[in-house]
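Visitor: Chains as they are written, first to last, in this note's numbering: chain A, 122 to 439; chain E, 1084 to 1445; chain H, 1362 to 1688.
No lab work stands behind these hints, which were simulated from the structure alone.
Watch out, some of these pointers could steer you wrong.
[Claimed, not checked] Stretch-level coverage of chain A by chain E, calculated; a stretch enters the list once three of its residues show a Cβ under 8 Å from a Cβ in chain E:
1) 335 to 347
2) 350 to 364
[As the list claims (entries may be wrong)] In silico DSS-like cross-links for lysine-lysine, where the CA-CA straight-line distance does not exceed 27 Å:
3) E/1318 with A/123
4) A/123 with E/1241
5) E/1235 with A/345
[Claimed, not checked] Computed footprint of chain A on chain E; a stretch qualifies when at least three of its residues, placed anywhere within it, have a C-beta under 8 Å from a C-beta of chain A:
6) 1116 to 1127
7) 1218 to 1232
8) 1265 to 1273
Heads up, the beta-carbon is just placed ideally off N, CA and C, and yes, glycines get one too.
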Amino acid sequence: MKRYVAKRVLHSLFIMWLVATTIFVGLRVLPGGPVQTMLGIEGNEAAVQALRNELGLNQPLYVQYLEWMGGLLTGDMGTSITSSEEVSVLVQQAAPRTFSIAIVGVTSGLLVAIPSGIISATRRREPVDYVATVASFLGISMPAFFIGIVLALIFGVWFNILPVFGYTPLSEGFVPWLKSIFLPGIAVGLPYAAIVMRMMRSSLLEEMNQQYMRTAKAKGVGGKVRLYKHAIQNAFIPVVTVAGIQLALVLVGSVTVEIVFGIQGLGRLLVNSILDRNYPVTQAVILIVAGVMVFTNLVVDLTYTVLDPRIRYGGDSA
Amino acid sequence: MTRTTSAREGRDDTRSEMPLLEVENLRTQFPTERGVVKAVDGVDLSIESGEIVGLVGESGSGKSVLAESVLGIVENPGEITDGSIRLHGESLREKSEAELQQLRGGSLSMVFQDPMNSLNPTLTVGEQIAETVRLHQDVGGSVSLPAEVKRKIVGTAKNSEAWRRAIEMLEAVEIPEPEARATDFPHQFSGGMRQRAMIAMALSCEPDLLIADEPTTALDVTIQAQILEELKRLKDTFDTSILLITHDLAVVAETCDRVNVMYAGKIVERADADELFSNPQHPYTEGLIESTPRLSADQQELTPIEGNVPDLINVPYACHFAPRCPESTRECFEVEPDFRDVGPSGERHESACLRRGEGGDL
Amino acid sequence: MSDVPKRGNSQVFGANEVPSEYETEETTEEYKGLSNRIVDVMLSDRMALFGSVVVVLFIVTAVFAPVISPYGQEQTFTSMQSPNSYSTGDFDDDGARERIWHPLGTDSFGHDILTRVIFGARVSLMVALATVAVAFTLGTAIGLLAGFYGGWVDSVLMRYVDFQWAFPEIILGAAIIAFAGGLGVVNVVLAIGIAYIDDFARLIRGEVLSIREEEYITAARAIGMQNRRIMTREILPNAVAPLIVQSTLMIPLAILAEAGLSFLGLGVKPTTPTWGLLLSEGRQFISQGWWISIMPGLAIMVTVLAFNMLGDGLRDAFDISEQEVNE
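From just these sequences and the hints, can you work out the full model?
Guide: In structure tokens form, the structure reads like this:
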């Protein structure tokens, strides 16, 4: 198992490196380079050169690359073109907001999805199941920002219960913080919950049809014990996979939902930086997002070792 | 190895007069879109204590469904529609699910065909055996839901009576290093050992009856022989009767005391093993024996039985085997064959064929 | 058979011989062709039926938008009318005042929302189809090559797919748009299309790997069929079913992605009214005119829902497990 863990960690690091390099290359190779667009097409040659020098774009490519990678390792992500602030500072301000929303989303999503998936599977074809199925279909059919708008409409405009604008940092108290991210969190959590619930249901149904469940019944093991002791662990494996993959959905949702609720998170940062051609910021945000995804993937892989003894103690012995 | 004493307490000894298992006119059906599949169509079967009874048939004959019916684990939408199943004289059909759960794994247990998929990959082999022991024997150890889940997460207590029993059982089926092996998972065992573990699990509570459904089909030939020997030995050690279900005549000849031959949902012949093979009295049995390749005989060709197993939804013929039977007459298609004595006097040998025994002409 | 003694006078029937009145027709279960099976599933699964009906409606609306929509896209009436209301005025300069019905209300400019939603369907459908086409083509090519050739080709291609997986769709889409330097339909299509390659590639690769080992491939090779022919003539047709399901399930994802990008202002140019854009425009008026955002949002929801139900139904019809085809 140690080998498995080591392999996965190395793989993740490799992917991260690949991501960083690709971002670097993409920026410098594709059309729409920063300088031209910043100065407009009319920028004369001298101004262009001056700006390029300032941005360090006239150095040989490999020097730029080493500077970029070196900077990353020390946490220096460059300077924002539009505001001359340190990108790392901007990111430090924005990231907690996005992550807060994501955490609320994932937590609430899982808390709803897993029990309802189990109930749905064990009460198949009963009314509960139908309701849950329809609800899950709806959940995956509504974009997060639409859910956000609806929630904001209901809870903010029509019934003024929760704030629909702005973010209250945790330092100002837990409840205010939670209130400010509650609606956006639900908005991104709902589609996530829908997908996880469907997988939980189908996976559990499949497990319950397995041969070893028949053996358990033939041994006289009772229904509840068969479910919770025998079936569930195996059923969780694909669910964990999906829960990890769909984290992407939560992050993507956060980006749009931040706009709806006026939260200055990574999403806002990303969009503005793209519209402003503020490449250092764009780079940094993409890097962080990719980093979160790679890390999640790694956590999912490691979770398999806990869930599946076949990975933990691999291979047959004679 | 130590025989447990608690297993047999409280059981009436007068039961040795009546058959251990008595199945009468059992019918099990599966409603499907195209019609009702009569998987078991009026079967009588009896097993005395201390014997190994074989149930032979091709796939599609209904033998597995018969086994499932006895245990009460026929899958939806199948259901037992008629007949009685008595274990020690008590009707199993009249028992509640809770009562049946107490019997299953305890006095009545089953071994399945595919050991790889029949064992839970997320529980250690030892725990799977210990679980059975805990459920049916008085060994302390709670079987409530929270306790079981805790056991799953934390592992089985190594000093519990149930765990000790599990190791004893693994030893009984001749698995080397049983103490270490008990903490292994099924995927770490080889095919033959997995099947032994399953047998260990099934015998752990010293059942009165063990039903073995194709226990050796998924295994290599050499392992097959070992497992069969094992079963015979364990039958004596644990005083368990065995219902051995298989399609393989060689297995039956090797292991069983008595044999029932099943075709298309019905039993067609039953006899002691020796008698059946030396004096088969049903065209189907004869066909089966004929079609089995033998090393000794100087065979140039194999002689299979012509035709296919019928569609069990609507068999319009009285004798299910009639269309494939080389001896069938019109009467065979119209009149239901009854069981007739066909053996030398003193031997129990019956065949359901109109043309054999009394009233028949062959 | 002649040596089996006769029973009295009655005839003996040999193996496989049956008295005439018992002859039954060989009833083999009719092999239900694929299209029959699909129809069966559609009719029995109410959700799939609902889905297919709405999908058809959607396509028809999109294609015939100019014909179906009550008014012109750019026509303006009284602004900020709530749903199911009327605006009165002379809107077509003919001197007479008309009474115009707005089933879904009007927006801040006075555009009839129903009209804009109908035309929005067009763009959504077009973009979605184009996107899926891009993802399908590229993804299939990659998957096919990777699965068929195996070895280092496979490793490299799959590393790429793994790598792409680290980027969530909209983020990747946004990044591609950033690098491609601008808004506009083409960039959006490319961006989202590339973002969804990984699902197709993985799916096809899995299919190829399992089919490749099938015997008819070995047979094809044995008679000297060239690799490319094998890939296109033998493997591809059999892998089609999951592909169709995946495509059907990908369309709603593409619609959602495009809506998201447009909502963020990174999508198509602001003059083309896609649903995402309509939603975004209406956001500022959420307290005065909730319908401006909600109506296009509902349109997205219903359409995506329909495609999902349809895709699910197709998946059942083709009998594919949920783990094979990703959502």
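Visitor: Determine which of the earlier numbered hints do not hold for this structure and return their numbers in increasing order.
Guide: 3 and 6
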